[in-house]
Amino acid sequence: MTYVHKTIAIEAKSLTKKYDDLTAVDNVSFSVEEGELFSVLGLNGAGKTTIIKMLSCLIKPTGGDAIILGNSILKNQYKIKQEINVSPQETAIAPNLSVYENLEMIAGIYGFGKPEIAEKTESIIKRLKLEEVKNKKAKKLSGGMQRRLSIAMALVTEPKVIYLDEPTLGLDVLARRELWSIIKEMKGKTTIVLTTHYMEESEALSDRIDVIIKGKDKMIGTVDELLKNTNTNNLEEAFIAINEGEQ
Amino acid sequence: MNMKCLYFASRNRKEIIRDPLASIFGIIMPIVLILLFSLIANASTEVPAEVVEMFNPIIITPGLTIFGISFITMFLGGLIAKDKSSSFLSRLFVSPLKPKDFIFGYIIPTIPIAFLIAICCTVAGIAIGMPISINILFVFLSYIPYIFFASVVGVFIGTIANESQVLVFGNLFVIGGAFLGGMWMNITALGGTFMAISVSLPFYHAVEASRLALSGEFAGIWQHLGVVIIYALVFFVLTVIFFNRKMKSDNK
Numbered sequence: 006m007t008y009v010h011k012t013i014a015i016e017a018k019s020l021t022k023k024y025d026d027l028t029a030v031d032n033v034s035f036s037v038e039e040g041e042l043f044s045v046l047g048l049n050g051a052g053k054t055t056i057i058k059m060l061s062c063l064i065k066p067t068g069g070d071a072i073i074l075g076n077s078i079l080k081n082q083y084k085i086k087q088e089i090n091v092s093p094q095e096t097a098i099a100p101n102l103s104v105y106e107n108l109e110m111i112a113g114i115y116g117f118g119k120p121e122i123a124e125k126t127e128s129i130i131k132r133l134k135l136e137e138v139k140n141k142k143a144k145k146l147s148g149g150m151q152r153r154l155s156i157a158m159a160l161v162t163e164p165k166v167i168y169l170d171e172p173t174l175g176l177d178v179l180a181r182r183e184l185w186s187i188i189k190e191m192k193g194k195t196t197i198v199l200t201t202h203y204m205e206e207s208e209a210l211s212d213r214i215d216v217i218i219k220g221k222d223k224m225i226g227t228v229d230e231l232l233k234n235t236n237t238n239n240l241e242e243a244f245i246a247i248n249e250g251e252q
Numbered sequence: 013m014n015m016k017c018l019y020f021a022s023r024n025r026k027e028i029i030r031d032p033l034a035s036i037f038g039i040i041m042p043i044v045l046i047l048l049f050s051l052i053a054n055a056s057t058e059v060p061a062e063v064v065e066m067f068n069p070i071i072i073t074p075g076l077t078i079f080g081i082s083f084i085t086m087f088l089g090g091l092i093a094k095d096k097s098s099s100f101l102s103r104l105f106v107s108p109l110k111p112k113d114f115i116f117g118y119i120i121p122t123i124p125i126a127f128l129i130a131i132c133c134t135v136a137g138i139a140i141g142m143p144i145s146i147n148i149l150f151v152f153l154s155y156i157p158y159i160f161f162a163s164v165v166g167v168f169i170g171t172i173a174n175e176s177q178v179l180v181f182g183n184l185f186v187i188g189g190a191f192l193g194g195m196w197m198n199i200t201a202l203g204g205t206f207m208a209i210s211v212s213l214p215f216y217h218a219v220e221a222s223r224l225a226l227s228g229e230f231a232g233i234w235q236h237l238g239v240v241i242i243y244a245l246v247f248f249v250l251t252v253i254f255f256n257r258k259m260k261s262d263n264k
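As given, the protein sequences belong to chains A and B, one line each in that order.
The first sequence begins at 6 in our numbering and counts up by one.
The second sequence begins at 13 in our numbering and counts up by one.
Among these hints, one or two may not hold up.
Derived PhoX-like pairs (lysine-lysine); straight-line CA-CA distance at most 25 Å [claimed, not checked]:
#: 1; chain 1: B; residue 1: K96; chain 2: A; residue 2: K119
#: 2; chain 1: B; residue 1: K26; chain 2: A; residue 2: K145
#: 3; chain 1: A; residue 1: K119; chain 2: B; residue 2: K16
#: 4; chain 1: A; residue 1: K141; chain 2: B; residue 2: K260
#: 5; chain 1: B; residue 1: K260; chain 2: B; residue 2: K16
#: 6; chain 1: A; residue 1: K80; chain 2: B; residue 2: K112
#: 7; chain 1: B; residue 1: K260; chain 2: A; residue 2: K125
#: 8; chain 1: A; residue 1: K80; chain 2: B; residue 2: K110
#: 9; chain 1: B; residue 1: K94; chain 2: A; residue 2: K145
Per the computed footprint, the stretches of chain A lying under chain B, defined by three or more beta-carbons under 8 Å from a beta-carbon of chain B, are [said to hold, decoys possible]:
#: 10; region: 52-65
#: 11; region: 77-88
#: 12; region: 100-107
#: 13; region: 232-245
It should be emphasised that the hints constitute simulated quantities derived from the structure, not laboratory data.
We put the CB at the ideal spot given by N, CA and C, even for glycine.
Please construct the entire structure, taking both the sequences and the accompanying hints into account.
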């Protein structure tokens, strides 16, 4: 058997974020391989979004560093920003612009030329099945379609690394399953860091999972590894066991 | 100016012009006021001469154009505040846009919008008797510093305030500016404290510069425009400082 060496796309090294007396993220370290889907699983307020914000250069860590595609989040923010994109937890779209215009605008601000913008926009509309609503104003879309547009806006620039912060939060079961299939389709092509508090989502999508409790990473591994290490039968039980171990 | 900034500017232009309130307040309201004041002045032969003079098209057209342009502050402040509250701005902060791209991306689209307001008001002014002359071109040029000032204040307010606060600051800017600047009538003769306050602010000077340009009295224009330009530059510097601080505070 040949060992396939994969390049590390993200390496978080003792990432820490403190707000006065509150430590939101405490010494978190992990690495994500190129093309891997890495989940950060935790309850609300565990520090998942703060990790994403640090990795996307939106906030600075108070300690530690992360290397994204060979660049430090402390030193080479603009280099990193050119290669990444994010789908924030809240649906972040321009309401008075059509679906097409939203995507075109994002591709434009990432510096692509006109022909590339048109090509990328059309391609992502097709890929995320947005053809029927492409000329509709974003504010008139359903919640599920707005979220799909928000993810399309993160994908249109064809980032090497994408952060999906609670991508299915507030969606109904059908919209959630549709988004899952879109995310599954991205696996292997793009490095994905996904935050979620839904166990089944993490289990269905992730190559590996980082369980975060109160800002600290408690256990990292594949679903099978987490079950084995906690001697449990499903991810929910494993999560509870890890949580109880913490208390 | 790079293309990234222009794509962002294009988005902001679309957001503003597709907001029906922008057309109602920025264009329709000043036109209605121009026509209304003209009706008052021409209501009957018994209207006192000073009222007729107060609502002379040469006086009210440039003033109400400046009034219409003032709404840009409100549109822009509101747009930025909405972008902040909806996480849209956070999404853009992750993009390779730099602080200068954001500031100019918000300011640039206001230029064509402001000139559209000016064109509509000028047509209304001509309809009520404002003479057509080459001076109209100079009036348009005299609007430029105020357009810049109103835009920069819009970005400033949007940066420091939330959506409901923007409404308060925006209204203060538009209504306060209209009264203190004599946008609806000539206030030069008022004197006293009111006039002292008026001359210390840019609104009166923007209106006076445009009225002088329309009358062809170019000698006194620069001292008025100078005040507007100074205010615009001061607010531009403040905007750069506060916008950078906003990006950095999100970066903490």
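Evaluated hints:
1. K96/B / K119/A: Violated, at roughly 28 Å.
2. K26/B / K145/A: 16 Å, holds
3. K119/A / K16/B: 11 Å, holds
4. K141/A / K260/B: 35 Å, violated
5. K260/B / K16/B: 21 Å, holds
6. K80/A / K112/B: 20 Å, holds
7. K260/B / K125/A: 31 Å, violated
8. K80/A / K110/B: 15 Å, holds
9. K94/B / K145/A: 17 Å, holds
10. 52-65: holds (count 5)
11. 77-88: Holds, because 3 residues of the region 77-88 of chain A bring their Cβ atoms closer than 8 Å to Cβ atoms of chain B.
12. 100-107: holds (count 4)
13. 232-245: Contact hint for the region 232-245 of chain A vs chain B: violated, 0 residues under 8 Å.
Checked against the numbered hints given earlier, the structure breaks hints 1, 4, 7 and 13 and satisfies all the rest.
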